[in-house]
Amino acid sequence: MLKDGKTIKITNIWDFLEFKGRTDLIDKVVSKGAKRRSKK
Numbered sequence: 046m047l048k049d050g051k052t053i054k055i056t057n058i059w060d061f062l063e064f065k066g067r068t069d070l071i072d073k074v075v076s077k078g079a080k081r082r083s084k085k
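Counting in the numbering used here, the sequence shown runs from 46 upward without gaps.
Just so you know, not all the hints are guaranteed correct.
[Claimed, not checked] Below, computed lysine-lysine pairings styled on DSS-like, alpha-carbon distance capped at 30 Å:
#, residue 1, residue 2
1, Lys54, Lys65
2, Lys73, Lys54
3, Lys65, Lys51
Hints are computed from structural coordinates only; laboratory data are not their basis.
Construct all of the structure, not just a fragment, from the sequences and the given hints.
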């Protein structure tokens, strides 16, 4: 995944949804022990 011109690994569901362009589903993800990164 490219973010800000740098290659990063997809390590969580929120990065995956952003990669797929499904940011509308981010609020529907129920986290159980997962740490969500703050939006930038």
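Each hint, compared with the structure:
A C-alpha spacing of about 14 Å is found between Lys54 and Lys65, which places the hinted pair at or below 30 Å, so the restraint holds. Note on Lys73 and Lys54: the hinted pairing holds, with a Cα-Cα distance of about 22 Å set against a maximum of 30 Å. The suggested pairing of Lys65 with Lys51 holds, with an alpha-carbon distance near 17 Å, which does not exceed 30 Å.
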